[in-house]
Amino acid sequence: MAGSTSGNAVVDWIGQYRENRSATDILIDLGPFLMLLILMAIFTATSDVFLTYDNLVGNVMMNSMILLFVALAGTFPILQQSIDLSVASIVSLSGVLTAMLINDFNLGILALVLGILAGTGVGLLNGVVFAKAKIPSFLVTLGSLSVFSGSALLLTGGYSVPFNAPAIRQIAIGQTIPNVPNLVVWGLVFYVLVSLLAWKTTFGRYTYALGENERVADFSGVKVDRYKIGAFVVSGTLCGLAGVLLTARITSATPGMGQGLLLQSIAAIVMGGTALTGGVGGPHRTILGVLVIGVLTNGMNLLGIQSFVQEIILGFVVIFAVALSMDRDKIDVVK
Amino acid sequence: MSADIDTADRDAAEGPDSSVRFRVENIRKEFTNVVALDDVNFELRTGEVVGLVGENGAGKSTLLNVLSGIYQQDQGRIYVDGEEVTITDPLDASRHGIAIVHQEHNVIPNLSGYENLFLEQFPDYSTAGVLDSNRLKREGQDVLDTLGIDLDLEKRVANYSFSDRQMLSIAKAFTETVHTDHPVILLDEPTAGLEEDGRDLLFDRIDDLRDHASFVFVSHELDEVLEISDRIYVLRDGEVVDHLLVEDASEDRLQQSMVGREISEGYYQVSEQRGVTGADTAISVSNLSMDGAFEDVSFDVHEGEIFGICGVMGSGKSELGRVLSGVDDPDGGSIAVGGETVEPGSVHRMVDNGVGYVPKERQSEGTLLYQPLRVNVSLPSLGTDLVADEVPGLGSVPWLIDFDKEDEMAEGVVDRLNVKTPSIESPLIQLSGGNQQKVVLGKNLQREVSVLVMDNVTRGIDVGAKEEVYRILRQLANDGVAMVFIADELPELIGMSNRIGVMHEGEMVDILDAPPGDKPTESEIIKEMI
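These protein sequences, in sequence, are chains A and B.
Take 1 as the starting number for the first sequence in the working numbering and just add one per residue.
Take 336 as the starting number for the second sequence in the working numbering and just add one per residue.
A couple of the hints might just be wrong.
[Said to hold, decoys possible] In silico contact screen, one side only, chain B against chain A (beta carbon under 8 angstroms); selected entries:
id: 1; residue: V662
id: 2; residue: E700
id: 3; residue: L717
Hints in this document: simulated from the structure, not taken from any laboratory.
All residues carry an ideal CB built from backbone N, CA and C; glycine is no exception.
One chain only, chain B, in its complex shape:
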């Protein structure tokens, strides 16, 4: 598929040139050793919602950061309303009418809604340094009324729901760009972390606000991009590889463009799913309870089995994962690994008994971002004789590190899990999210693991990397590792699991069989989840 849409489409899509609100030409941005953006052309017309998709590391975030003035491009030009501009910093960007709503909303929790709304403009609202709160409240309410957003501005933002914070961030984007009548608002993965209701509300708002603003919408969820966008750009390896009207787009087409090849049949490699009848029990959970999170949960997972766990937010599934991995202490019940009861409440005790944990928050819980890949990989295995068979121990003296063997271990992970990295000495922050996640998986496999507890192991990583993670999990199952697979994405959960435990309000209400060829449907599972 060619990168341009053909001329007829282009005319239809663009309409008269005067409506082009914002355009960038031949943008190039390089970091040490990496070309993040190469010859990118991109435009946004008045009242338009443009989708921006691509795998991790494709350059989406870099593009948003260039547009919002956080980075400066090395080459290329930016035009606002047909006039060339240079954007030197975020404040400059908002002067040109461009504002960004970050994934982690840029609001200050211990201030009230109206204070957050006008944070940058406090000097304009003060007399001799004294803030005119009444005026802030009044004008804040006016802004919300114009935008049709319903929020209690008097409340401290700490007491806002996730979805309310996002609405506030969007309103804030308007107040930041108050001197332009039609701002450009960049939404960086706005739906990540939103529940269904919040998402619908967000999409309604975006639709209503087309008269007031233009949007760039970035998301990993292709169905959402298709639902809300007028046009879609696909980035791969820093280049725009596809650019199409939403009418011409489909999830398949977008996925192909993002990955650069067709997604192979059997994404979840269901045919590889192992039967586990007669296999030994690897982990046995009985009557496990944690006050306020879950009650009386019991199940067994066999060697080589993938046991899926699903449930809505607040069903207790993540808390269950944290107890199984030893992070949190339960209030009752017991856990046995390989037939032996393990006293819960300590990760290292669990690790010593062969339980590995892939936490939900990759960046804050799984990786040392400024340490080299090598250091991350060996972290759980230093000073232990429980190193997995196929990799050599880290030295005969447990408290001394044998750097050669450590290198070998890191190289092994890079080879086996196909991690894309400049070298094993590269700090993890230089790797894309998917490759970081492979390192988190890999480091857990360097010790003898019989059970792997994973919480949303593919969260925020792209299609290609997901497929590789699935391949790795199938391989682990083949090696006899039992897996507790907590997931929010139902197709993935259904595709990967041998059995599925459904959590509802802290109870495991059902355990469904999911053999190849007879998998439960999404709707069957959703029915039990709610």
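Isolated chain A (complex conformation):
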């Protein structure tokens, strides 16, 4: 009985969905799925190892998780039609802070908490300067990117900070659930939490509203500054988390450890279907973009494609995937 009711609910939901979406909308919704399926089909056909549990979980998922955190982080400012360019530098900064707190001050687990809070703090700083001083987020975070990565270099003198703490390493690579590395569990748990944050909370709702039309939200009495700052706090916190987990995984931190994550995360966000013009998409979709990049990188490694060539192919796939997932009808002018 209960089964049939929920079955009906699904049918209702699909019916309502189709009523309100045009054929192009549906194609765009499915675009990143299609992309992922195509890539997986190609690699399944060309490589024996690709479609094995060990490869999919141990390599594809495991290697995508840090990017997932950073991409989830960047989704919130982008949904609000802002952008956080400092994500990768926050990963580096909180990573080296964590490593130094473990190494030099022996803080252990507490170091991890402080590393995350450092991310929250610099996110708050970004948000306050952006919302209160009314400086475009692009410029605020372009500047803070430099400040944060410079600080990471200054703290470490440019060297990496290794440490010896097997217990901390287990947080990332241990297997509390058999055959599933903890890092993957962390990633999926936060994926669900962050998706709920966007879908079910006032903060999430106002994030979409701000992205579509801030003036309308303002005129409706929404405390817009609070939610604009909130997006950067969420972004900073998730990047802090990414930095801490990456540090735990490799039991070392370098001031350049976040390198490459900024562009990859923006590509993942947009491929997932969150437009840079704000208001549409969401973190629940960002994971698709992350997996496209993860599957592609892994597949190309398996096929033994040279890493310089990989970079070129990745670029083409990003452009193609964005073309599939973007609703150009709703954008007046593409710039």
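Knowing the structure of chain A, use the given hints to seat chain B on it.
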């Protein structure tokens, strides 16, 4: 009334067939779930001005978009000079001599007048990629001289007045269709936003240009349509329901055809107007000033009272509304709501104190067009415990959204304000202007409001929807809500208000009583406005 004019009239109206410049037959256009145009027949003869009227969502814009090549019809044929043509895009339309002048004039502000005039033809005016500006200026001036339009083409369009931009857009319609000697020009609500002078000038130009062009004139202002048109088509629900010569038309007849029924007596429901003697003061404004906008404005509005504010453009009435709603910060004076002084300059502070705001620009200030109706309705009420009594709160945890209760709230607005929408999940862009406006009103009523500030609440919505908005406002007044009712339309202002504050050059020069049965006349008010 039958949709066709009878044969005698038709002959008289049409004259010889050869003069038919442009004709469409059995046009049908469908969008997802909506038939926007159904079996529309329409023609335009050389030198004619044809009026096109209808409520919001009746299909006027869709028809113009089909004619100008922005949309393609699903069925039906288009004839230009008796020959069937297919119009694939706007450029194609201009090749066939059809050009559209949009409400938001399609000019680029940071270019000069003559550059705008020939924007599409730059390749024809350049040698090896270098633009021949002198030739542009010369030929631009020639075009203006032929059309009898007076503009400074050297100026950047950003420095043009609204009316000048419109004249430039009309001249541009001629340059776009330069290869036909008699273009068809579609004017989409050209008088919206024009002052009296600009309107007169526009009508003079249209009259003079009959030798050069034919016009389709779309407007919500029926008196204007009657003044300028030779023939009038009335659209309702995507069909031509009436087609008549201007001699046979009257505002009443047009309104009836548009709405499909007779407008009920007491349009403004004046008999419902509440007396407010002895009622408590809901909002009190003292010595409010904003530099460059208004000076030393003071008034009180009582519970259940509708306080009208009028004035010409630039009198400061809209700015006053923006300060009362918290959008703008005043330079002096104070606002008290329910006896307590509220620090101005923030919308959310005003909202928290029970002041709702219906802004003037519905689309850019009032609605999230691509979000569902449900989301628009709950927007001001999320995460607050100030939700109005009759709707349940949105959940016990303020930062979590209870979707069931949100649905209930949205359904409530749809029922109570009679919003026509496919469902509460429909994005607002799928609704007509009038229904969008009801949503803007409705979302403001989901929180405890004691004061509602409205700036031209019925702007750009049709007769039927207006009547419903008036009904809703009367009901709100009955519930004790005080309203600041800023309006450009005097009959509406007079009909709805208990008292009327007249603004002139930033000062509130008079406050007139407007009790039922003893309303001031339009001329009495105009005298004080200017």
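Practice task
Kindly indicate which numbered hints from before are broken by the structure, ordering the numbers from low to high.
Solution key: none
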